[in-house]
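**Student:** For the sequence shown, my numbering begins at 3 and goes up steadily by one.
Note that these hints are calculated values from the structure, not bench results. Keep in mind that a hint or two might mislead.
[Unchecked claim] No more than 27 Å apart at the CA atoms, straight line, and that leaves these computed lysine-lysine pairs for BS3-like:
no.: 1; residue 1: Lys74; residue 2: Lys16
no.: 2; residue 1: Lys54; residue 2: Lys106
no.: 3; residue 1: Lys28; residue 2: Lys8
no.: 4; residue 1: Lys74; residue 2: Lys58
no.: 5; residue 1: Lys34; residue 2: Lys47
no.: 6; residue 1: Lys126; residue 2: Lys116
no.: 7; residue 1: Lys47; residue 2: Lys74
no.: 8; residue 1: Lys28; residue 2: Lys54
no.: 9; residue 1: Lys127; residue 2: Lys69
no.: 10; residue 1: Lys54; residue 2: Lys16
no.: 11; residue 1: Lys127; residue 2: Lys98
no.: 12; residue 1: Lys100; residue 2: Lys69
no.: 13; residue 1: Lys54; residue 2: Lys33
no.: 14; residue 1: Lys47; residue 2: Lys106
no.: 15; residue 1: Lys126; residue 2: Lys152
no.: 16; residue 1: Lys16; residue 2: Lys34
no.: 17; residue 1: Lys98; residue 2: Lys69
no.: 18; residue 1: Lys148; residue 2: Lys119
no.: 19; residue 1: Lys8; residue 2: Lys33
no.: 20; residue 1: Lys74; residue 2: Lys106
no.: 21; residue 1: Lys100; residue 2: Lys116
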Amino acid sequence: MIHEGKYTAETFAKEHGMRRQSALNKLSKLKKQGFVKVSGGGRQKRIYTLFKTPQKEQNGFYMVVNKYSPMKLHPAFEHYTYGNYTIEHAIIDGLKIKDIRTRKATYHLFLHIKSWKRLFNLAKKENLVEELYELYNEARENTKCKRMPKRYVK
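Starting from the given sequences, assemble the full structure and let the hints guide the process.
**Tutor:** Dropping the structure here:
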């Protein structure tokens, strides 16, 4: 029986009556199934956090923003996405959140846009085209950005 909590490899092995290598193998299998999250490593001890239910990996707005923006955001909500979630989707979601800190973190995403067409199609679908132009102009003033293609310039 596996108990919820935080363990090192040694404490997990001791509590479950197995050797360290067996404990690491068990933790590895549990991690693949989603029951374990790992933190630490390197110079720190590796900490394994066990859960009773499998935990899904967040792959939404906050993951994209924290990857590309120097201004890191603490997730206000859990955002799970299915399929292809691109930087263009993240910019539109940043506009929808309407938070000043989120807006400033979204500036840095304009440097990594792959498809302006996708961005404008999403903005039209959500009726956010004016807000998108506004955000782009703010981003141009404050950060380094890619130039918007002439066909989209208002």
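**Student:** All the hints need checking, so say for each whether the structure fits it.
**Tutor:** Hint check:
1. Lys74 - Lys16: Not satisfied, since the Cα-Cα distance of roughly 38 Å exceeds 27 Å.
2. Lys54 - Lys106: violated (37 Å)
3. Lys28 - Lys8: With a Cα-Cα distance of about 15 Å, the restraint between Lys28 and Lys8 holds, given a limit of 27 Å.
4. Lys74 - Lys58: holds (21 Å)
5. Lys34 - Lys47: holds (20 Å)
6. Lys126 - Lys116: holds (18 Å)
7. Lys47 - Lys74: Holds: Lys47 and Lys74 sit about 25 Å apart, inside 27 Å.
8. Lys28 - Lys54: holds (15 Å)
9. Lys127 - Lys69: holds (26 Å)
10. Lys54 - Lys16: This hinted pair holds, its Cα atoms lying about 20 Å apart.
11. Lys127 - Lys98: Measuring from Cα to Cα gives roughly 13 Å; hence the hint holds.
12. Lys100 - Lys69: The given pair, whose Cα atoms are some 20 Å apart, holds under the 27 Å limit.
13. Lys54 - Lys33: holds (12 Å)
14. Lys47 - Lys106: Answer violated: Lys47 to Lys106 is near 35 Å, above 27 Å.
15. Lys126 - Lys152: Status holds; Cα separation ~18 Å.
16. Lys16 - Lys34: holds (22 Å)
17. Lys98 - Lys69: Between Lys98 and Lys69 the Cα gap is close to 19 Å, so the pair holds against 27 Å.
18. Lys148 - Lys119: holds (14 Å)
19. Lys8 - Lys33: Measuring from Cα to Cα gives roughly 13 Å; hence the hint holds.
20. Lys74 - Lys106: Measuring from Cα to Cα gives roughly 10 Å; hence the hint holds.
21. Lys100 - Lys116: Between Lys100 and Lys116 the Cα gap is close to 24 Å, so the pair holds against 27 Å.
The structure fails to meet hints 1, 2, 14 from the earlier list, while all remaining hints are met.
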